[in-house]
Structure formats: structure tokens, C-alpha cells
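There are 2 protein chains.
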Amino acid sequence: MSKPFKLAVVQCKGNALDAGRFETLTRLIREAAAKGGQTILLPELVLHDYFCIEENQAHFDLAHTLESDASKSLQALAKELGVTLVFPFFEKRSAGIYQNSAAVFEADGSIAGLYRKMHIPHDPGFNEKYYFTPGDLGFKSIATKHGNLGVLICWDQWFPEGARLTALQGADVLLYPTAIGWDDSESGSVSPDEAKALEARHLDAWITIQRSHAIANGLFVAAANRVGREGHLRFWGNSFIAGPGGEILARMDSETEGVILADVDPARVEAERRTWPFLRDRRIDAYQGMLHRSGN
Amino acid sequence: MSKPFKLAVVQCKGNALDAGRFETLTRLIREAAAKGGQTILLPELVLHDYFCIEENQAHFDLAHTLESDASKSLQALAKELGVTLVFPFFEKRSAGIYQNSAAVFEADGSIAGLYRKMHIPHDPGFNEKYYFTPGDLGFKSIATKHGNLGVLICWDQWFPEGARLTALQGADVLLYPTAIGWDDSESGSVSPDEAKALEARHLDAWITIQRSHAIANGLFVAAANRVGREGHLRFWGNSFIAGPGGEILARMDSETEGVILADVDPARVEAERRTWPFLRDRRIDAYQGMLHRSGN
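Respectively, the protein sequence lines represent chains A and B. Note that the numbering used here has the first sequence beginning at 232, numbered continuously upward. Note that the numbering used here has the second sequence beginning at 232, numbered continuously upward.
The shape of chain A in the complex, shown without the other chains (with noise of 0.2 angstroms):
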């Protein structure tokens, strides 16, 4: 069983390749450090606003790879404060091949691991299909100093299979990186108080379904999001951390730039599942259908 570490995560708005926004990120996560987060959890693209609200080809040339400037300081950073530092960001893989990814920097300077978002969204405001490559790593428990972390990124989060197979290779928290909001271009046809309680909806579903996949898999969840206006999105904040009954240990407010924390101890996990053991009662025999698009 790995051992005990403090969870960090920041919540802040996008745009950090900008040298003030930058400053303001790389603020935050020493003061995470500085809190004693040993695992650092970021929101999604961090380094960029969020281009998907739009299609256009010159934004592919946002995307980098980890010998970037960026990816180089921010990699350093996690060396000098000795922390694991979850790290998203526009992936250059190769001409034609941009991926929506998150590196895991380890506390010792080195590359942990890698994710690649799986679940591509694509709605209107966040045009996704268009710019990223479906990623091809799978689902996966990266290995760390500081715990054995499920790293997924934003759509994944609505997904109960990227959160099962992810647990299922022996993560003891899923960390989502995420930039999701409220879009006002889709309440022209409601009433205020109507588009209100649509809002209110959208983000408790948010939370539910995130909150479900702790309950389900007996495990901690923890969620990365960013805030502020950017043309008609207004992202909607609320970062979180989850313990394995669902509970919330940790919660910000949909506007506030800042870190919240919480332990994450793996006996925790591993006494929920003995009190609620679901990962015993499995139907594998009877699961077939899950690798089919539909019943019809």
C-alpha cells in the first residue's frame, strides 16, 4: 500500500503562458507547497484561454511538447519544491497529431508518467473533436512519490468506465483537470430564473456524477477547474476533493483563484471497499455489452 499524502489542488483562470497569469500560477502552487501539498493537481490547457471556444488552425500552433519553455519551468519548479505536480497541456505529438494530455512531474525532476484525455467532446463553445486526437495510452495508474494517481482529464469525468478501469489499475485517487462553464449563448431561449436553475443543474450534476465515481470505486476524486469569463463561457470554478464514501472534503467557489486540500490515505480506500465491497460483486461474465455501442 502506498503512503498517506496531502492533495493540493488550484483553481485559477486560464491563459498562463501570459508572463503576468504565469507568475500568478507558479504563486499558487508554492503556496500549495508551501500548505503542504505533496501532489499538486492544475486545471486543463492552464497555460492557454480556451481556444476550443472557437476553430481556427492557427491555434494548433499553441500546442508544445514538454521541452517547452513552460513545461521546462514548471518541471523545474516541481523538483525544487519536491512535489508531484500534475501538469495538462496542448500536446504536440507530431504534424496532424495534437492531443489534449497531462504529464505527471515527479518530486525528483523526472517524468512520472503521461495521460491522453480518452472522452473528445465537442459542443458548441467547446469545439474539441476538432483539435484533439483521441488519446491512445488507456487508462492508467501513475506511480508516484507522492501516491499511485489516476490522472483523467474533464470529459472523462462523465465517464463510469475511464473511472472503473482507471481504479481498477490500482489508483487511489482520480484527478480530473478540468475547464468547464456555463455558456451564455445557450440561455437566449429561457426565462433568467429558468436559465438560473439550468445553471445550478449542470454544475450539481458535475459534482454528482464525480462524487458517484468515489462511491462506486471506493476512492478518492479530485477536480481541477478553472474560473473567469472568456467570450460567452463563464467557467464555473467549484474544484473539489472527494473522499471514498462521496463526501466532500474540500470545496472552492466559482470565482476565487486559490488551493484547497485534503489527505489522501490509501487505508481509507481500502477500508471503504471492505465495508462496501462492490469491486467483489462484478459481472465480468456479464459485461460484454459495455464494449458495444448499443443494445440495437
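Just so you know, these hints were derived from the structure itself, not from any lab. None of the values given here were measured: they were computed from a predicted structure. Some hints here could point you the wrong way.
Since the list gives no way to pick out one identical chain from another, each pair is judged satisfied if it fits inside one copy or across any two copies.
[Stated by the list, open to error] Pairs of lysine to any residue, SDA-like flavour, derived with a Cα cap of 25 angstroms:
1) 310 x 520
2) 360 x 517
3) 371 x 523
4) 371 x 514
5) 310 x 323
6) 371 x 519
7) 371 x 524
8) 237 x 401
9) 371 x 415
10) 371 x 520
11) 360 x 339
12) 376 x 511
13) 371 x 509
14) 360 x 502
Following the hints, position chain B against chain A.
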């Protein structure tokens, strides 16, 4: 697309084979129909007290077929009222094969379908693996006059796989007959305050995991639980109906016998899935691990 219908959920104590209790059960079914209920859901093993609280060979005598007096009586009642009735029962399939099942009685007096509980729990006070042969009919949607019904039973509700597979079969609503409660024999080692907090957390987890199935699959979900104390078990009621966004449409308390109702409109299912198109984006090429116990 099937037509909209009104779903009614009956919450009650068990032991309906007792003459007085059977009268209460039929009164509640009549009340559900009188209030407009077209499909009516009953709690798990409603004819019996929760005999799985202990392991006793004599309890196998309780098992019966759909030819039993009580079963025939409820089937006739469904026809009389013109309702579709989901009737959970302790099925005697053959000598040595006993199952935790649910029949769907059609409004015309026929039998629309049968489900046999796939995931079988076993914990102190819930000795179900002793009594119940695991189901072998798989996960199904049962087409009825009043809706495409995805019948599952109790422990199934903790498994996203069962919900997903049933949804993929075309169900507009997942129906969970249930017998779940708090176990007083568990709370010995903690303070009264801690025990109370743990009870609240477990109830909340039970509701959350089922709401998550509504969210992940964009369909309605309902649970009919029993109430009342039986030995060291206090069945926690809180039967509810949730909409395709996971929103609670109706919910009972932890003690009262009664009926709740909500409209189930398949058009809402389709609308929700267009807004949140998760079924479009499943990575069926990467889900092979769902058929395995573990990644190691």
C-alpha cells in the same frame, strides 16, 4: 419513441404475506393507481420480512413461483387497475435454485418480462449470497404499455455497469426495488454523533450513486425502498424518482409508508442526451478491461 407515462413508487414495510400487511400493500397499489400511476414499482422482496438477516435453511420455503396465490392476486390487481406492476419476489426456479427476481405484470394481465438480480451482496445482516443464485438473464429493457422499463434490484444500484447496460438496451427509466437500511449492530465502536454522521453519509451515497446513473445515461431513475425496523436493521426508506439530469422529482422520508409519483417522458431522455451526448463519445475500443476483475 414510447409514450410518456406516470410512474408511481410505493414505499412500505415488508412482510406482505401477513394478511393485514397484504391488505396494506394492495391499498397502496390502489392509491398509486388512483393518483394516476400507470407503472407502479414495489420494494424488493415485499412479501417477506427481510429473511436474509440470518442464514436459515427453512427460509427457502418462502420461495415461490408466479403461480403462487399472492403473485396471482397482484397480477389480477394490475389487470383490474389497468397498470403495469413491477413485482419483486423470491423466485423458486427449481430445487436448489432460488433467485431474487422481479416480474413485470402488464396492464392487460399478461407477464411482460422477468428480471433476476445480477449483483448479489453479502455482508453481516445481508446474507444474500447464501440465498440467491446470481441472475442469468442479463441486463434488459422490458417494453410495456407504459414505458420501456429497466428493472434492476437493490445491490445492482451500486454498479455503473448495470445501469449503462440497461440504458443501452433502450430503457427510459431504471427501476430499483430495494431493501436497504442502517445496521445498529455496526455502530458499536463509534460515538453516537459519529454513527449519525455515518448514517447520513451512507444514505446520501445511496441516493448519489443512483442519481449518477440518471446523469451518466440521461434517463429517469427510481428506487422503491422498504421502511421499518426488523431486528438490528432499520430500513431507511427515502424512495425517490430522479429526472435525466439527476434532479430529484419526488422523494419520501425514512419512515412513512406511501406513494410518490412523477411523469416519465421519453422526449426528456432524448433532449438530455442531445445536450449531454455521452453515449456518442464512449471509448468502446478501450473498455476491454471492464471484463476483468482487476488490472493486476
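Hints and how they fare:
no.: 1; hint: 310 x 520; in the structure: neither (45 angstroms within a copy, 34 angstroms between copies)
no.: 2; hint: 360 x 517; in the structure: between (32 angstroms within a copy, 18 angstroms between copies)
no.: 3; hint: 371 x 523; in the structure: both (22 angstroms within a copy, 15 angstroms between copies)
no.: 4; hint: 371 x 514; in the structure: both (22 angstroms within a copy, 15 angstroms between copies)
no.: 5; hint: 310 x 323; in the structure: within (24 angstroms within a copy, 64 angstroms between copies)
no.: 6; hint: 371 x 519; in the structure: both (21 angstroms within a copy, 13 angstroms between copies)
no.: 7; hint: 371 x 524; in the structure: both (23 angstroms within a copy, 15 angstroms between copies)
no.: 8; hint: 237 x 401; in the structure: within (18 angstroms within a copy, 43 angstroms between copies)
no.: 9; hint: 371 x 415; in the structure: neither (35 angstroms within a copy, 39 angstroms between copies)
no.: 10; hint: 371 x 520; in the structure: both (22 angstroms within a copy, 11 angstroms between copies)
no.: 11; hint: 360 x 339; in the structure: neither (35 angstroms within a copy, 49 angstroms between copies)
no.: 12; hint: 376 x 511; in the structure: neither (28 angstroms within a copy, 37 angstroms between copies)
no.: 13; hint: 371 x 509; in the structure: both (20 angstroms within a copy, 21 angstroms between copies)
no.: 14; hint: 360 x 502; in the structure: between (40 angstroms within a copy, 21 angstroms between copies)
In terms of the numbered hints stated before, the structure departs from hints 1, 9, 11 and 12, listed from lowest to highest.
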